[in-house]
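There are 2 protein chains.
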Amino acid sequence: MSLATQIRQMAQEAKAAARQVAVLSSTVKNQALAAMARALEEQRQLIQAENQKDIAAAQQQGYPAAFIDRLTLSDKVINAMVQGLQDVINLPDPVGAVTSMWRRPNGLLVGRQRIPLGVIGFIYESRPNVTVDAAALCLKSGNAVILKGGKEAIHSNLVLSRLMGEALVQAGVPATAVQVIPTTEREAVVELLKLDDYVDIIIPRGGEGLIRFVAENSRIPVLKHYKGVCHIFVDEAADLDMAETICFNAKVQRPGVCNAMETLLIHAAVAPAFVPRMFARFREAGVELRGCPQTVALDAQVKPATAEDWGYEFLDLILAVKIVPDLEAALDHIAQYSSNHTEAIVTQNYARAQRFLNEVDSSVVLVNASTRFNDGGELGLGAEIGINTSKLHAFGPMGLEELTTTKFIVFGSGQIRG
Amino acid sequence: MSLATQIRQMAQEAKAAARQVAVLSSTVKNQALAAMARALEEQRQLIQAENQKDIAAAQQQGYPAAFIDRLTLSDKVINAMVQGLQDVINLPDPVGAVTSMWRRPNGLLVGRQRIPLGVIGFIYESRPNVTVDAAALCLKSGNAVILKGGKEAIHSNLVLSRLMGEALVQAGVPATAVQVIPTTEREAVVELLKLDDYVDIIIPRGGEGLIRFVAENSRIPVLKHYKGVCHIFVDEAADLDMAETICFNAKVQRPGVCNAMETLLIHAAVAPAFVPRMFARFREAGVELRGCPQTVALDAQVKPATAEDWGYEFLDLILAVKIVPDLEAALDHIAQYSSNHTEAIVTQNYARAQRFLNEVDSSVVLVNASTRFNDGGELGLGAEIGINTSKLHAFGPMGLEELTTTKFIVFGSGQIRG
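Which chain is which? The protein sequence lines are U and F, in order. Heads up, the working numbering is the position in the first sequence plus 1001, with the first residue counted as 1. Heads up, the working numbering is the position in the second sequence plus 1001, with the first residue counted as 1.
The shape of chain U in the complex, shown without the other chains:
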């Protein structure tokens, strides 16, 4: 069987499974998730033995330690996967909810009801714990899922796939509701992206290169973000203690993630007071600063920023800093350089806080809080399968509800159109 035929057959089976999964009760879905959790507990040794094959291969190929760390299913990671399944069991089931209903003048009762999307294609990095997390979210939201993890995690993903399949069958759910593509070839992704007759949505996660490749090759709608170039604007009316705490957290707490701050904008009126204390704190933490000429004028140790530094996602302890004359200039800079991901203002001024919230076109806009809060769990969605910075369907972090859509249901009593 050719790879194309194999992927097509998986997609067809996923579509057939989706029809069944869409109408499962929450009870049955939760039983399947609980069976998965038991399987992870009971088959811990088997899982770790398969995972060890992936780790050994990655070590031999000289992958960096951080990569090996993300690949490793330690006891702690498996415990977190089990807890993750329990968390998803405890989340409310979004399917079936009628979000609104109204009566028309002709007596028709019209409502919008939440339904699953159908078949989700999920393409992600070499983190085998994500295989279970993503499967759980897709199943709980009534969708079938086809998973394609990074090639370095293939042994881990295949054993997890087999265990999840067995757990599904135990609960009376077709095993084809959760499928892992059993090959490491990238061509498998290309084939999957053509199957718009069977797959409703593609969610890619990982590096910008992979995501661009998916977006450019997909006939299926893609929910994605390329990068997070997050800005914080410290306004002239900022509480400078608060500004220092927030900016430090946003840059330093976890610099390698998409919701970390990449550019700091400072109102000129507070720059002389704010720059010395803030930069001292950043330097202590090893942050490299690259500034506009005004910033350099205030602090000669700051490296002059180049044109490429604005709108750049460093994902590292590097920060671009610009001093701006007013809110207007900050908004203009953000409109030009932001990735529509996350931006924050620090201010005690009511009108400027409102204006920032209103005018910044990003998926999460914050007043007096760290950009690091753009996360489904932190914002209260219960969980997160990814963050979307395109405006379609779900702008921002996507939890269970964002894996559903609504259809119109209409209760009539013989109405016809005149």
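Any given hint could turn out to be false.
Copies of the same chain are indistinguishable here, so a pair counts whether it falls within one copy or spans any two.
No more than 25 Å apart at the CA atoms, straight line, and that leaves these computed lysine-lysine pairs for BS3-like [said to hold, decoys possible]: (1) Lys1152 with Lys1408; (2) Lys1228 with Lys1408; (3) Lys1016 with Lys1228; (4) Lys1054 with Lys1077; (5) Lys1195 with Lys1304; (6) Lys1152 with Lys1195; (7) Lys1016 with Lys1195; (8) Lys1054 with Lys1304; (9) Lys1077 with Lys1152.
Hints were generated in silico from the structure; no laboratory data involved. If you're wondering where the values come from, they're calculated on a predicted model, not measured in any experiment.
Use these hints to put chain F onto chain U, whose structure you have.
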């Protein structure tokens, strides 16, 4: 200036305008719509003179009467356009509404707020009244729009574009918020579909060929439906008088539209009673019937259906008819052949009505009402820019709210992540 450069420049200007339109008050948007309505009234002769050029050219090229009719801006059509603008003025502004807001344990107040999509590309048939209708919906929902109508309507669209631009400027809105592509070349569409840096969404309307062309060539997300293959299932517990009325309306009232019935499924238990009266009524109206063998056995005048008749959108007085043993078989047929557009059941049985509503995967699912109600106006959305049968963003008819998305707004007091 090359065509590609010209289209890119229009898209850049639209994106700049979108930033301004997004934050306009409802009052200003309504003033612009009112100015458009006045311009249509006052410049009726000018509009009709330009429209006459399109009509004459179309007549000379031998277009059919129905085509010329859709192209013609008669007094009646212009009156309807003016009324349409007034209707949009009267619709509530969706922008800015906070659809929900909650407090997190750390004190953060998190809400979802409706915002415009940004720049909409709207590609449509040679119906110049749609130029104004679509512009009004996009403007009221805070979006900029680039309009590309059918080439036969170019003179009409250009004069309407000029008048709308003047009306926008009168109200203090940039004229570039509503732009008509001033060329008839299809290459202009190809260029537009590449500009995913500036255009957020493409809505194509028209024949299946155009829509497939757009979907296959677009880097920008597309909201669309290819066709409406609508089914009605007459259950064994149907009120047969009601079934006859609904089926007749769904097939005959306007057979050329996407929400007309294309396939009738009849429960075997009521077929002997229902077929004679229903078919007599259809024949009186000139409907050609194509049936499964059981249908032909009940009525020898029925033409045997071929495999191609199932799932076919006739858009004409032709109907495929199948007798099925039970609801299960009806659901299977619909799952195999429907276009996810609109399906209805006629029944007095509670459990089967609920099951049909629950299991049919279409954008509008009705009990005891005509499929013809799949329409934004009829369902109570106030207006409609199109119908989407993909699951993303808005499944079904799209009104003003469906031209928006939500962003997260977060009110903090210094929170950081631990």
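Hint check, failures only: 1, 5, 8
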